[in-house]
Structures are given as C-alpha cells and as structure tokens.
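Each position in the sequence shown, counted from 1, maps to that position plus 1129 in the working numbering.
Hints may contain errors.
[What the hints assert, rightly or not] Each computed DSS-like pair below joins lysine-lysine, with the alpha-carbon atoms no more than 25 Å apart:
1. K1377 x K1302
2. K1362 x K1414
3. K1227 x K1377
4. K1183 x K1227
5. K1183 x K1302
6. K1131 x K1302
7. K1227 x K1131
No wet-lab data here; the hints were simulated from the structure.
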Amino acid sequence: MKRILVTGGCGFIGRHVVQELIEHGYGVCILDALLEQVHGSEAISLPAGAELIKGDVRDRAAVAEALQGVASDVKSGQWNPLSAADESLSPLPTDEEKPVDLASIYALTKYAQERAVLIFGDAYGVDAVALRLFNVFGAGQALSNPYTGVLANFASRLANGQRPMIFEDGEQKRDFVHVRDVARAFRLALEQRQARGHVINIGSGRAYAISEVARLLADAMGVPDHRPEILGKARAGDIRNCFADISKARELLGFEPQHRLEDSLDEFVAWVRNTVAIDRGADMKRELEERGLVS
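Please put together the full structure from these sequences, using the hints given.
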C-alpha cells in the first residue's frame, strides 16, 4: 500500500483529502499541530485507517518522523490569485499564465510557498505539483472564523439571525469549488505523472456574483427575507472578479468538477444546522476599519 503524508490533514480541506486517499486504497499519515484556534477544544475524529502525528511542520524532528516510509507528500492550502480588473470590463477566467500581481501579504506568502515547492522539486528531482485552489466550500469549514471563507461567513451570520455583510456593491464575482472536488484533484495530481512541475488551477470554472451567493444561501436556510447588507466599501487587496480557467486541470489531471454550488447548498446547510456557529462578522468589519483596510 502506497503511504502518503498529508500535512494539515485535520483541517477543512486536509480532512477531505485524507478521506479521498483512503477510499482509493492509500495509506495516510497526517502531520498536524492541532492548534485550538483552528480546531477548537473538541477531540479530533480521524477517518478509519489514518495515522496522526501531532507536530508542527516547522519542527524538523516531527517532519522526519512523519516522512518515514512515505511515498508522497500533500500540503493542503489555499491559493488566492490576484489580478486587476475594472468594473466596466467583462470578467474573464484566470489561467495559470496570467502575470501575478501581489496586492497583499497573504497572496505573497502563498506565491512564495508555490515557487519554493516547485524550485525545490526541480533542483532535487522530487516530483512536485502546485494546485491553485479558488473559493473552497463544503462541510467542515470554520463557521466561527470570519476570515476562512465567504460562504462560511454568510452561513454564520444567517444562523445567528443576521444579514450577510458584503463589501463593495455585491456584483464582484468569485469561483466556488466544492471541497470533495478539491480532494479528488489532489489525488489526481498524485497519480498523473504529466502534471509534475506544473501549476494547475482547481475551481468550478463558473463565476458567481457574491450577492447572488448570499441570496441562494438565505433561501436554502429558509430565511429569504435576510437579504445581504451591501456595505459599499472595498477591502484592501481585494480584486473585482476572479474565476478559474480549468482547461489545464482537465488536460493534465482529467479533472471535472462534479458538485455545483447551487446543487450543494442543501447538504451544506444540513451540516451548518448541526454545527456551532459564532457570528464574528461585525468584529471582522470593525477590525478592518480600525486598521485602515476598508475604504
């Protein structure tokens, strides 16, 4: 049995990657620091067959232990592609060759990680693939952290009887990809040798207006009167439109998204109703304003 190491394997995306790999016959070792800020104080339940090593990826000894007998390593993370787009222009899908415009520290750290992995792989003959994930959604998101995803943020607000808050005018567009599709993409990247050394977008290939997403979720949660509050202010570093060109994923991975946003909301809402959601959206807005990051 081929053994795979998944760092951050107890997180939102990582858990789904672990489950996907186990279901397809892989042995999985997880390296995760299990930070309470991310996972809360409750005990972590692992998929059957997964081995957990509690440790930090910055700890050389923990990493060395986790790598024993491992054939491949999967680092679950999220890419936030950045580009400039004027409101009057028609949005176009973002492909992997689009020049990178790093407008935030977050984007810089993600791009630096991507380049480091690919340069390391090329220099030392290690197979490496970088997946650029767009807006990942699904069961397991951190509903009480307003910075972990707009859909989770909206769900937390609605679950607490509050209207979702939307920056700008609500017509900015994003690509929402289901976490199970993302997990499958990670497995395909492990299995398809032609993907080695490439940067590959993983998204749905569809553009959704943020205000439309808020309305769809409110309807699914049975509170259609909770229409979004349009703030009319922009966050520093945000872009107008961003959705994936997934042609390369189709060509190199045989990837095809299977879970459309509008078809997956009932399942997402069922999970939300059984999960504690502390609304911190107002705190986030106030914090951004105090730091001068909203204008």
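Here's how the hints hold up against the structure:
1. Between K1377 and K1302 the alpha-carbon distance is near 21 Å, which keeps this suggested pair within the 25 Å criterion.
2. For the hint pairing K1362 with K1414, the CA-to-CA distance comes to about 10 Å; that is within 25 Å, so the pair holds.
3. With a C-alpha separation of about 13 Å, the suggested pairing of K1227 with K1377 holds against the 25 Å cut-off.
4. For the proposed pair K1183 and K1227, the alpha carbon gap of about 38 Å is over 25 Å, so the pair is violated.
5. Among the hinted pairs, K1183 with K1302 is inconsistent with the structure: their alpha-carbon atoms are about 38 Å apart, more than 25 Å.
6. Restraint check for K1131 and K1302: the C-alpha separation of about 40 Å exceeds 25 Å, so the hint is violated.
7. Of the supplied pair hints, the one linking K1227 and K1131 is violated, its CA atoms being roughly 35 Å apart against a limit of 25 Å.
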